[in-house]
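Peer 1: Using the sequences and the hints given, assemble the complete structure.
The chain contents come next:
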Amino acid sequence: MAGKTLYDKLWEAHLVRQNEDGSSLIYIDRQILHEVTSPQAFEGLRLAGRKPWRIDANLATPDHNVPTTARSGGVDEIVDPVSRIQVKTLDSNCDDFGIVEFKMNDTRQGIVHVVGPEQGMTLPGSTVVCGDSHTSTHGAFGALAHGIGTSEVEHVLATQCLIAKKMKNMLVRVDGELGAGVTAKDVVLHIIGVIGTAGGTGCAIEFGGSAIRSLSVEGRMTICNMAIEAGARVGLVAVDEKTIEYFRGRAFAPQGELFEQAAAAWKSLVSDADAKFDRVVEIRAEDIKPQVTWGTSPEMVVAVDGSVPNPEKESDAVKADGIRRALKYMGLSADQKITDIQLDRVFIGSCTNSRIEDLRAAAEVVKGRKVAATLKQALVVPGSGLVKAQAEAEGLDKIFIEAGMEWREPGCSMCLAMNPDKLGPGEHCASTSNRNFEGRQGFGGRTHLVSPAMAAAAAVVGHFVDVRELMAQ
Amino acid sequence: MKKFTLHTGIAAPLDRANVDTDMIIPKQFLKSIKRAGFGPNLFDELRYLDEGQPDQDCSGRPLNTEFVLNQPRYAGASVLLARENFGCGSSREHAPWALDDYGFRVIIAPSFADIFYNNCFKNGLLPIVLNEAQVDQLFKEVEANQGYQLTVDLERQVVISPSGDEFAFEVDAFRKHCLLNGLDDIGLTLQYAEDIKAYETRRRQEAPWLFDAIHN
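Chains A and B, in that order, give the protein sequences. Mapping of the first sequence onto the working numbering: position 332 corresponds to residue 332, and the numbering continues sequentially without gaps. Mapping of the second sequence onto the working numbering: position 136 corresponds to residue 136, and the numbering continues sequentially without gaps.
It cannot be assumed that every hint is accurate.
Stated by the list, open to error - No more than 27 Å apart at the CA atoms, straight line, and that leaves these computed lysine-lysine pairs for DSSO-like:
# : chain 1 : residue 1 : chain 2 : residue 2
1 : A       : K267      : A       : K242
2 : A       : K367      : A       : K289
3 : A       : K242      : A       : K4
4 : B       : K2        : A       : K51
5 : A       : K328      : B       : K140
6 : A       : K88       : B       : K34
To be verified - Here's a subset of chain A near chain B, in silico, CB distances under 7 Å, partners left out:
#  : residue
7  : V16
8  : R17
9  : D21
10 : S23
11 : V36
12 : Q86
13 : S133
14 : T150
15 : H155
16 : T197
17 : R233
18 : P254
19 : G322
20 : M418
21 : F437
22 : F443
It is worth saying that the hints were derived from the structure and are not from the lab. Glycine included, every Cβ here is placed at the ideal spot set by N, Cα and C.
Peer 2: Written as structure tokens, this is what we have:
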């Protein structure tokens, strides 16, 4: 009998029952709640007279709507009335049901996918869900984690289970050594460029190979975060010593003897050597250069030394049409060099790239340099209050401010522009977020996805530049 | 949940691949704490020429007359024809809520993004996968024939064109059962409460650190 994949093991460990019709009930260990996708779920519970199955499996924090400017006035001073109601609704729902919530001005507040692991809420071998597609992030720790809709948020609150169907197993193996200046973000953008935005549909993607093993856990989070941009709800990385050490001493992680017991169990959270994957994609780390997206889908990506594609050279009619439409929206011309794209704003933040290592990488680039005069704004938004405090302890905030960047309070911010941080029509933004869809960062806004180092380099020169060249100067 | 058994309605062709959930319902409308009322903002940035705001009366906004749903021949459409990877992006259930609120009951495409696909079934909306050649044929027929209607028979799992052509489709047995009977998932799962409790008892022994951990 063939061995098991990590996904097979996680699935089997959480299987509550299998029905004759092929559907299964799987147990959910952890649910994270935020203000946008939970109000209707709580309302549904109330209407049906149901109670949460297990209060202690849930953690909440507002992130999508919160302002990132000074907010000592509290929730009552959120300017946008609709946002204010949504944040207040989360607060009152959590208070009513007794769910632990890190409210807006708690130092532990932040982006759900930064906060969960940071608090040891996410643990290796657990199942984690949230009404947010970037829940795939938590798979970096060998947890089975994926986004769900609001009906399922309600279902998990009421039953601690999900009705699910087993996904296919896909392995993306990145072997070799990443070059200097090439980061986890470049790896995942490159992977999406190779397999496409539907390349992982129906699959749980395990990211393996020596290049993935050599990444820090934060880098692995960046990779798993964008599994959904390759169509896969689930991204996974096998557990190793780095994973285990990450959780030592975290607030909700086991402590003392129980930690050692857990750590021993977590060591088995790897795919067996003879495990069978339905699909395997192999990528050479040496082939990956710093990446920049030029279009309106994350698969519309090229290396920084490349050019915008020409639809005339595309043989597939639907694809050629997609390229034309994207060029028009983005205000770019066919064959234009990536380094010729002028920028209006830079955004460093989001659940993809707002952790301490991301901020260090960006600070290293801008240290002693100034933001280009042509830029309207360069925002740095830490992923949580704790990341912010750590960055300030290291003096990173001063480096950003001296360079002419804005240092903000934690939240999702300009990644999806539900708060006041947004692009104006036609503005180009170098963004460390995860989606470059039309209008994502603001009506008519033009997003280019890049790594924190590449965003910082772009901020300095005002257009895209290979960060490796800038740092060599 | 609303039942779905047999449906006949006008088909509208949305001819672009990778239609994402930001396109289906832009983020500013996600601030609502209700499930209903998203229909006027479905495809907001494609449908109108200005930037939409939550709680705005959309009746006086400038329309993008080129957008398919603004063409009079597709008024009242309830079957959406789409291209590959429809519904990619975020997990927002506001996307199927908006499609449903507008009046769509069926979406036909060569492929769907996983989370969106799943969310549709929770809202009485039927996503149907047909192969590319079949979808191409339907696109050609709908564009050539004003008032073109499609019938979807969930019990028999077929899409029926006006000329009587039948296109068989697959649907998960459990989801089909729930749609046909308008069943509430939570009620169904709670029938297995004893299984869930038994699992918890066993799991508590194996992985005690996963219990009683999150508290103030």
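Peer 1: Each hint: holds or not?
Peer 2: Hints versus structure:
| no. | hint | verdict |
| --- | --- | --- |
| 1 | A:K267 with A:K242 | 11 Å, holds |
| 2 | A:K367 with A:K289 | 23 Å, holds |
| 3 | A:K242 with A:K4 | 22 Å, holds |
| 4 | B:K2 with A:K51 | 24 Å, holds |
| 5 | A:K328 with B:K140 | 26 Å, holds |
| 6 | A:K88 with B:K34 | 14 Å, holds |
| 7 | V16 | 5 Å, holds |
| 8 | R17 | 5 Å, holds |
| 9 | D21 | 4 Å, holds |
| 10 | S23 | 4 Å, holds |
| 11 | V36 | 5 Å, holds |
| 12 | Q86 | 5 Å, holds |
| 13 | S133 | 4 Å, holds |
| 14 | T150 | 4 Å, holds |
| 15 | H155 | 5 Å, holds |
| 16 | T197 | 6 Å, holds |
| 17 | R233 | 5 Å, holds |
| 18 | P254 | 4 Å, holds |
| 19 | G322 | 6 Å, holds |
| 20 | M418 | 5 Å, holds |
| 21 | F437 | 4 Å, holds |
| 22 | F443 | 4 Å, holds |
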